[in-house]
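S.K.: Residues per chain are reported as follows:
Number of protein chains: 2
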Amino acid sequence: MQIGVLGTGVVGQTIGTALARRGHAVRLGSRTANNTKALDWVASNGERASQGTFSDAATFAELVFNCTSGTASLEALRSAGIGNLAGKVLVDVANPLDFSHGMPPTLAICNTDSLAEQIQAEFPATKVVKALNTMSAPVMVEPSLVPGEHDVFMSGNDPQAKAQVRELLQEFGWRNIVDLGDITTARGTEMVLPIWLRLWGAFKTPLFNFRIARQ
Amino acid sequence: MQIGVLGTGVVGQTIGTALARRGHAVRLGSRTANNTKALDWVASNGERASQGTFSDAATFAELVFNCTSGTASLEALRSAGIGNLAGKVLVDVANPLDFSHGMPPTLAICNTDSLAEQIQAEFPATKVVKALNTMSAPVMVEPSLVPGEHDVFMSGNDPQAKAQVRELLQEFGWRNIVDLGDITTARGTEMVLPIWLRLWGAFKTPLFNFRIARQ
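Read top to bottom, the protein sequences are chains A and B. Take the first sequence: its letters are residues 1 to 215, numbered as in our numbering. Take the second sequence: its letters are residues 1 to 215, numbered as in our numbering.
By construction, these hints were calculated from the structure, which means they are not laboratory data. Heads up, a few of these hints could be off.
Identical chains share a label here; the pair holds if one copy fits it or two copies do between them.
Claimed, not checked - Distance condition first, Cα-Cα at most 20 Å in a straight line; then the derived EDC-like pairs of lysine to aspartate or glutamate:
#, residue 1, residue 2
1, 88, 182
2, 204, 179
3, 204, 182
4, 88, 158
5, 88, 122
6, 88, 62
Generate the whole structure from the sequences, applying the supplied hints.
M.R.: Rendered as structure tokens:
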């Protein structure tokens, strides 16, 4: 599949590499084409890897991952182009973390709204699926880094889009995929970031994940 | 131990009964003494059970559980009396769920503050420990209702108070008690309520709980 990955940070590079290794053609998108991080990533990831602007990546893609900083995501997606994203599945991995008030960060959007809902509202022809935003980047693409059973959550309005994202998650090795419901349930997963950050502090490692124990 | 339980709802009654069964003397407190729910609870729980006003329960108690509705907790605690609560451990089980905008509820306090922090700020001589607010009432006092390993979180500023709460949690059967840190970490556990409510919707049962999978 041709996949666009928006964002050249750790999350974007980690997901881009994992997708390319599994045979997908991946275009990494950023604000400016040919930046050093994007060129280095392409050089390390073989012939299935390419890079360009957000718009280049969205145009190329059948499916798009949003791996930009949460507080910059809407601007990045506008730059990708509403038409270039129309009809496509967008996997929203971003969290609207606001570092402007010091550490730990707060959420720029929460409680009565979520980043995923704001994206879905502004890009109504795009099928937004929130996923992978509740764990560290290495765990997103290699869940076996955390021992035992543990879960990835999924929120979105379109059942077919969620089925497609489920397949990609299974390619990454996810066995336990919890469909929470429509895109408003993304409030729930974005709002676990505060405890996630405190758990990182308590355990001194980001290699952990949520498991919902149940009968 | 003499324990006060503020709140005569399902959470207060469940915790009160569990404590009385384990040999503690429990006084259930509510806005008005001798209300039907409190009298029924006393009648069902033997000689170690008593009831009264919030103030009666706080006066009686060596340690207090706040099981009132989160949006009414500060008012209930004021009624219990700042002097009656001074020097005592207060286990804050409440969540500031706001049902005034329909279902699912939002949080009346979150992100940059928490109910537990507001209580600690207004009752500085009381040792507030947030715990048990991330699971349904039956699971709070009988964790084996959910199979396998799963966790209860604890937040608070006073290490001795947390040690005392840890012992009570162990009496309830908790094996995995995660100390997140100071009282500001209660933001994290209060903010899991939105996903908790959605998980209940997805699983059609409240008999589940969070487990942090890790190495």
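S.K.: Could you figure out if residue 204 and residue 179 sit no more than 20 Å apart (CA to CA) within one copy, between two copies, both or neither?
M.R.: Close across copies (13 Å), not inside one copy (29 Å); limit 20 Å.
S.K.: Go through the copies and call it for residue 204 and residue 182: within, between, both or neither, with a Cα cutoff of 20 Å.
M.R.: between (34 Å within a copy, 16 Å between copies)
S.K.: Is it within a copy, between copies, both, or neither that the alpha carbon of residue 88 lies no farther than 20 Å from that of residue 122?
M.R.: within (14 Å within a copy, 51 Å between copies)
S.K.: Is it within, between, both, or neither for residue 88 and residue 62, if the alpha carbons may be no more than 20 Å apart?
M.R.: within (6 Å within a copy, 60 Å between copies)
S.K.: Within a copy, between copies, both or neither: which one fits residue 88 and residue 182 at a CA-CA cutoff of 20 Å?
M.R.: Within one copy only: 17 Å inside, 44 Å across.
S.K.: What label fits residue 88 with residue 158 when the C-alpha limit is 20 Å: within, between, both, or neither?
M.R.: Cα proximity of residue 88 and residue 158: one copy only (11 Å, versus 51 Å across).
In the structure shown, no violation is registered for any of the earlier numbered hints.
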